[in-house]
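K.L.:
Chains as they are written, first to last, in this note's numbering: chain A, 17 to 389; chain B, 2 to 290.
Hints were generated in silico from the structure; no laboratory data involved. Predicted model only: the values in this text are computed from it and were never measured. Heads up, the beta-carbon is just placed ideally off N, CA and C, and yes, glycines get one too. Just to be clear, a hint being listed does not mean it is correct.
Straight-line distance between alpha carbons at most 30 Å, and here's what the computed DSBU-like set of lysine-lysine pairs gives [claimed, not checked]:
id: 1; chain 1: A; residue 1: K199; chain 2: B; residue 2: K258
id: 2; chain 1: A; residue 1: K241; chain 2: B; residue 2: K209
id: 3; chain 1: A; residue 1: K206; chain 2: B; residue 2: K258
id: 4; chain 1: A; residue 1: K165; chain 2: B; residue 2: K84
id: 5; chain 1: A; residue 1: K83; chain 2: B; residue 2: K258
Among the chain A residues that face chain B by a calculated CB cut under 8 Å, a handful are [what the hints assert, rightly or not]:
id: 6; residue: T114
id: 7; residue: P200
id: 8; residue: D255
id: 9; residue: A388
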Amino acid sequence: MFRIRFTRRLPAVAVVAGLALAVAACGGGSTDSPGAAPRATAEQLNPNADLSKQSINVTVWDGYTPKELPEKVKQKLKVADMKIAVHATNEEAMTKLTAGGDSGIDVAFVSGQYAQALNEQGLLEPIHPELIPNLSNLYPEATQLSYDKGNRYSVPYTWGTTGICYRTDLVKSPPTSWNDILKPPSWADKKVTMMTTERWLALPALKALGYSVNTDKDDEIAKVKDLLLQAKPHLLGYDDTTFGDKLKSGEAVMVVAWDGWCPTTDPKKNIKFVVPKEGSDLWVDTMVIMKSSKNKEAAHALINYILDPEIHSWAASNINYKVPNKAAMDKVEVPEGSLLGIKPAELLNGESIIDLGQGSVKYTRLSSEVTAQ
Amino acid sequence: MKAEVAARPASPPRGRHRLGAFVFLAPGLTYLIVLLLVPLALVLSYVFFQRGRFGGVVYEFTTENFTRLADPLYLGVVGGSLKIAALTTLIALAFGYPTAYLIAQLPRKWKTIALIAIVLPFWTNFIIRMYAWIILLNGPGLINSGFEAVGLGPFELLYNQGAIITGLVYSYLPLMVLPLYAAIERLDPQLREASANLGASGFTTFRKVTLPLTVPGVLTGCLFVFVPSFANFVIPEMLGGGKTLMVGNLIRNEFLKARDWPFGSALALALVAVLVLLLVAQAWAARRA
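Chain A with its partners taken away, still in its complex shape (with noise of 0.2 Å):
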């Protein structure tokens, strides 16, 4: 392995014609100096700018806010116009994002570590306090988010935890620990399933084995890789988006799951959901502004519209998304069984995942080698 150094366009003169075309047209993709990038004085932001002048452009995973959110906003805020963009993952809304120069994106909906490696990338607009009035919603626990302390650069949206949903009917006995997935008892043998999205699938056996859900240590994420290899045996699966169905039919006993996807309402009632006492981890749904964005106003007036109790509240009834919003969960019906009741307490006891930068390489090869064998 080696490696020279070349000016960005370079390569593009040593390459055939097609190749050369196809180099420039991307060169504004690559994403210099990774790292820590100084943060960037705020910009000064007028209170009383024009929004009529504004309009907004947000990435969003689909389904996530109200599908009449944009009108709602052109009438209330005055801006001239809003255009919604959807993203399936982060991974798709970082490659949106990151594609150099102006993304066209004012305001994106990405998980907490994301927003953190943005940040660190200075990509960010850092938040406006006085701009968002309505911040005073959010519950004090939600200020406090290890990624970004104070929400300086990031509001979270949405909000939950990652356990095991079960079906209380056929388990001998209720899970209390990672260990009944990872080694689960007999009559859940090849009924359990783990998700396959690296970093949770690592979340288990980090948690059992007592690390952190952040190390990048190799004699640690070496332990997690047997414990990994020794549970899959013994799985139905690796599922990280059709768990809820496959609790429903009966195939899976136990399934890995993120609280607001465990079908804890379903009409039959039989089916639970429990942070096994190792503990877990906690993720956040943030809204973030882009640095390139030239509608900051109306993008910190969006947000404050998104915190207004009657707008956020509607994650919770209708997706079953816990909100960080105490006056929009004040106003949700909870609905028996619903998971929607857990307290921002407990959920604080989770360990935020945050962005590991290079070490992140670590958890691709793990889950390769395991779902390779």
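Once you have looked at the hints, place chain B on chain A.
P.N.:
Leaving out everything else, chain B in the frame of chain A:
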């Protein structure tokens, strides 16, 4: 204006022919250049650089992406995929040949109906058909219920390599049957009659006349099944329960989950290289046959 027209030499027929050819070729060529050569060139160029933290590439030269390909982990994945694709191809051939042979013997009207039946599954969305297989194969599923009714099972039919191969054979069987049918249908029936007249048994005729003459069809069908099976990533995930990693999954993961475009590109190129080798081998074998 007039002078210009007069000055223009009468285009020779050959030139006009060339122009016509160009006009007709242009859409196809543009398509190939824009959608095949440029992306391929891009992928080729990524291979020599390093991954950006959020995907994309950092333009620092490295050969690391190639050396990583030799890692036993990835070689194992390629080997496993080759095995699954080869098994799929063999099973598809075993099912496809008799099917194609029988269709070729049918009266004309029934031939059309049979061929429509072969391609009929393509009219339904692929993912929906895979979900149907899940419902058929899973623990409380239809097939297991059937076994249970006669006091057997339940068997473990889903989320293993057997399920992956079942799904692949099911999906790509039509691609085996159609070229085989074309090859068998083209056979001059008189050849077989001659063989019979000369005293060969039905099996000998098949072995010495029909089979050798349809080898090009067999090779085409095998290639058509092998290539998409080798690179598939949806079926291992849905029917394999994510427990088997195939090359397609690995490439998808490197691009979308790990955001390592350069290494994903290296894997993709390795896949292309394997497939080009197969095409060359097929062309060579077909010419000899």
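K.L.:
With reference to the structure, classify each hint as holding or not holding.
P.N.:
Hint-by-hint comparison with the structure:
no.	hint	result
1	A:K199 with B:K258	holds (27 Å)
2	A:K241 with B:K209	violated (55 Å)
3	A:K206 with B:K258	holds (26 Å)
4	A:K165 with B:K84	violated (51 Å)
5	A:K83 with B:K258	holds (28 Å)
6	T114	holds (4 Å)
7	P200	violated (15 Å)
8	D255	holds (6 Å)
9	A388	holds (4 Å)
Consistency with the previously given hints fails for numbers 2, 4 and 7, ordered from lowest to highest.
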